[in-house]
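Student: Protein sequences appear in the order of chains A and B. Quick note: the first sequence, position 101, residue 101 per the working numbering, numbers continuous. For any residue, its number in the working numbering is found by taking its place in the second sequence, counting from 1, and adding 1000.
Any given hint could turn out to be false.
[Unchecked claim] Some chain A residues near chain B, calculated using beta-carbon distances under 7 angstroms:
hint : residue
1    : Phe24
2    : Pro26
3    : Asn78
4    : Glu79
5    : Asp150
6    : Gly156
7    : Thr159
These are calculated hints, taken from the structure and not from any lab test. For glycine and all other residues, C-beta sits at the position ideal for the given N, C-alpha and C.
Spelled out from the first residue to the last, the chains are:
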Amino acid sequence: MNEVFGNLEEIRPELGTEHMSLAFKPSSVPIKQRWRNNGLSADFLGDYLTTFFPKKNDDPASEKKQTIVRDAATYIANELLENAMKYSNEKGNVLNSINLTLMEDKLVFTEVNGITEKQETDFKEFITELENNDPDELFMKRLEESATTDSSSGLGYLTMLNDYQARLGWQFDEDNGERKVTTQVVISI
Amino acid sequence: MNVIEDENYKVIYLPDEGRVVFSGTLRLGGMTEYAPIVECLQQIISEKSSLELNLKDLEFLNSSGIAMLSKFVISARNKEGFKLDITGSSETPWQGKSLNNLQRLMPSLTLVLE
Chain A
1 MNEVFGNLEE IRPELGTEHM SLAFKPSSVP IKQRWRNNGL SADFLGDYLT TFFPKKNDDP
61 ASEKKQTIVR DAATYIANEL LENAMKYSNE KGNVLNSINL TLMEDKLVFT EVNGITEKQE
121 TDFKEFITEL ENNDPDELFM KRLEESATTD SSSGLGYLTM LNDYQARLGW QFDEDNGERK
181 VTTQVVISI
Chain B
1001 MNVIEDENYK VIYLPDEGRV VFSGTLRLGG MTEYAPIVEC LQQIISEKSS LELNLKDLEF
1061 LNSSGIAMLS KFVISARNKE GFKLDITGSS ETPWQGKSLN NLQRLMPSLT LVLE
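In isolation and in its complexed conformation, chain A is listed as follows (with noise of 0.2 angstroms):
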């Protein structure tokens, strides 16, 4: 079982590409304890690359070009973590995992987590309705909707498409008899 949706890149970074990975075991502490390591993990990712992006200064758009890969960074990081963290099988084995690789004209995310199969189920509708979609006219709709319901779901992958011009990509797969899916952001740099 292996089903691809959306724009998965296949991303053979060089020997010596920068990239970072974080892993997290979904069921080690409650949700609303393990919440705040989702903006401190975006944070890092986000401030980490700033090495890469030195403000210089005799160009003062090198501080702007700085500030914006940090903020799109900070937000696709802390997005997807927190979508891997409700939306993930709190009772598997598979870990929550986000990788950030630095490659010459773009950033690639990819975050993995463990899903039960109604999650599974629920997020292929969603993807579903992506792919059928204009993606600002969803975007619109959902926000719309936000008057009338608690929910939220799908606005940050929305966000990401419409605000952040990404490109998305999913893989379902297995990993030892549990299904996990993998999530792919590129965006340009």
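Put chain B on the given structure of chain A with help from the hints.
Tutor: For chain B alone, kept in the frame of chain A given last:
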């Protein structure tokens, strides 16, 4: 309540100035956790006829927070004659990217990125 805060963010309501000021990083775990802020904003809409939302020092907002702001803007839109101003910062990238969507929800809203 005039101040809602935790270690990462602060939301202050200044009734005399007709302004709510957000600052810090807001990434609460879903719409239910945003309920106290939503309730505060809804109450202002029901009692007043205008409001300025100052987001200049709000460095980060997660997608649940974007849903929270959308909910508020739609409520403001639905109250006839309600005047809403949103002030943001052009130095904070997320605001330049995402605040325009609020104006699309409520075209009469005045959005200024300073």
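Student: Honestly, which of those hints from before does the structure not fit?
Tutor: 1 and 2
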